[in-house]
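Q: Here is how the chains run, residue by residue.
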Amino acid sequence: MDIFIRLLINVLEEGFIFGIMAMGVFISYRILSFPDLSVDGTFPLGACVTALLITGGINPWLACILAFLAGAAAGSITGLLHVRLKITDLLSGILMMTALWTVNLLLTGGTAIRQFFGMDTIFNWGPIALLPDGFRRVRILLMAFLVMIAVKLTLDWFFRTRTGLLLRASGDNGQFVTSLARDQGKMKILGLALGNGCAALAGSVMAQQTQMADINFGRGMVVLSLASVIIGTSIFRRMSFLRVTTMAVLGAIFYRVCLSTAMLIGLPTNYVQLLMAAILTLALVWGRVSAGGGVLRRGI
Amino acid sequence: MESKSEVIRLAGVHKRFNPATINETEVFTDFNLTVYEGEFVSIVGSNGSGKTTMLNLICGSLMLDCGKILLRGCDITGAPEYRRARHIGRVFQDPARGTCPSLTILENMSLADNKGGIFGLREGINRRRLDYYKSQLELLHLGLEDKTDVLVGALSGGQRQALSLLLSTMTPIDLLVLDEHTASLDPNSSQTIMELTDRLVKERNLTTVMVTHNLRFAVDYGNRIIMMHGGKCVIDAEGAEKSAYQVRDLLGTFNEISIECGN
Ligand SMILES: Nc1ncnc2c1ncn2[C@@H]1O[C@H](COP(=O)(O)OP(=O)(O)O)[C@@H](O)[C@H]1O
Ligand SMILES: [Mg+2]
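Here the protein sequences come in this chain order: A and B.
Using this note's numbering, you'd call the opening residue of the first sequence number 1 and step up by one each time.
Using this note's numbering, you'd call the opening residue of the second sequence number 1001 and step up by one each time.
These aren't lab readings, by the way, just hints derived from the structure by calculation.
Among the hints, a few may not be true.
Claimed, not checked - List time: in silico DMTMM-like cross-link candidates among lysine to aspartate or glutamate, alpha-carbon distance up to 25 Å:
| # | chain 1 | residue 1 | chain 2 | residue 2 |
| --- | --- | --- | --- | --- |
| 1 | A | Lys186 | B | Glu1081 |
| 2 | B | Lys1147 | B | Glu1123 |
| 3 | A | Lys186 | B | Asp1146 |
Claimed, not checked - Rough simulated footprint, nothing fancy, chain B against chain A, three-plus residues with beta-carbon under 8 Å:
| # | stretch |
| --- | --- |
| 4 | 164-174 |
| 5 | 182-196 |
| 6 | 203-212 |
Even for Gly, the Cβ is constructed at its ideal location relative to N, Cα and C.
The whole structure should be built from the sequences, with the hints applied where relevant.
A: So this is what it looks like as structure tokens:
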């Protein structure tokens, strides 16, 4: 029983963290129909920026915000490559991802892993530190949930603002945005900035949870977040009371459940990437079979 | 007509597609057209005569090879489509292009109402203007005023097209451009939309360029008629001369040209 509770906590923890990224990828993939590969680079970017800042003594919450901004900057560059230089969506992402590898190495000071044990993180700074050390897991669960909810509520709000409506319209009918005398390209750049900002914020939270930044954090993040978004939006499509952001987070949790179950049954770690690819393939096929594309029509 | 002020002018326009390939098509060589304030121009012409291309050049969806486009005397030849959209309202043949299906009627109207303004982070739907939006929807006589929270994707083609018309004329514009906007509708909706167009154009004093396949619409509506063929205007009549035009006159000219071209 105990092992299940610990497993559940673990799944939720990771589900919340990856859920933050999944909400961002929802913007690029579902709203803009942009398969954004830069996420593989912006997730570790958030982690590396955080490691650098926290070792430098910066407040961990400020580090989160700056990580978000770093991701947003990288996302805008992906957008600029695509919109202004007319490079295809996939290639723009690949270019950004490749460039970020170097950026991340520079941030970690040339090492693959940069640790910051014992420093302030969002999990032990401020009121949450009042919870005794024995409750470390609860603290992590609680704070990861808080960050996730904050992002979710902000995005829900944003989607209802004028710019948010325009962003949603631009994925739906680009001509409509043009007719409103707005530049479609700018909306794309904005969407990619937001998406990658969320990915980097997730990376920042992940780094603070493990108290280190690993430049390999990014491996498989595109696949993971796409699978989360597709699973979430296909499974929960019929529950029209759920907002799309909630669907993305639930998708991320469901995805972690699949992985953890596989590990529990005894799948060797080396097979994880293969399993991830298999899950995404299934999700893509299933998403198309069960779809009709109606996800955006409801629930934002 | 004394000192009419010009709204849009195409001067010496050249446009060819796929230059220097076997698919090269020269659509316009030295094309000229001026549309004046208060004109409602109906444009007819065979397929491929360049009507859509001309509208695309005016709106900036296509850039011309040579020549000039002036909007109220301002050179907009190189301006991107989204900049021109501030001054030009446009309705397409496909009702799906003029509205956003995943947003509600109210959301669509709030966005259109804000055209040319700052979008920013204010609440997307403008509840204070709800009564105004409803009064606008009432003009359509389609009962949409009771459906403001319905997703536009759930509306019929005719309803969406009526809404597109409304959206494209919500803010003050210099020119309304209609590209066969009744062509993909059934005959009844087509008639309704045409009447609505006429009403909106008159109420708002809109200078309008309408391409249509329906010769009767071209004859019955508007105060200037143009027939295009091979990138030229073969008929251009206004005022009383326009009023005298009948569908059979148009058909006559149409057939003459076709015979000349050996079709
Ligand atoms: N994007 C394009 N690429 C190549 N040729 C085009 C394109 N758009 C139009 N054309 C050609 O230009 C000519 C005029 O087309 P169009 O303006 O659509 O005619 P209309 O609207 O009068 O039927 C046609 O011969 C058409 O094949
Ligand atoms: Mg046409």
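Q: So, for every hint listed, does it hold in this structure?
A: Tested hints:
no. : hint                  : result
1   : A:Lys186 x B:Glu1081  : 14 Å, holds
2   : B:Lys1147 x B:Glu1123 : 20 Å, holds
3   : A:Lys186 x B:Asp1146  : 34 Å, violated
4   : 164-174               : holds (count 7)
5   : 182-196               : holds (count 3)
6   : 203-212               : violated (count 0)
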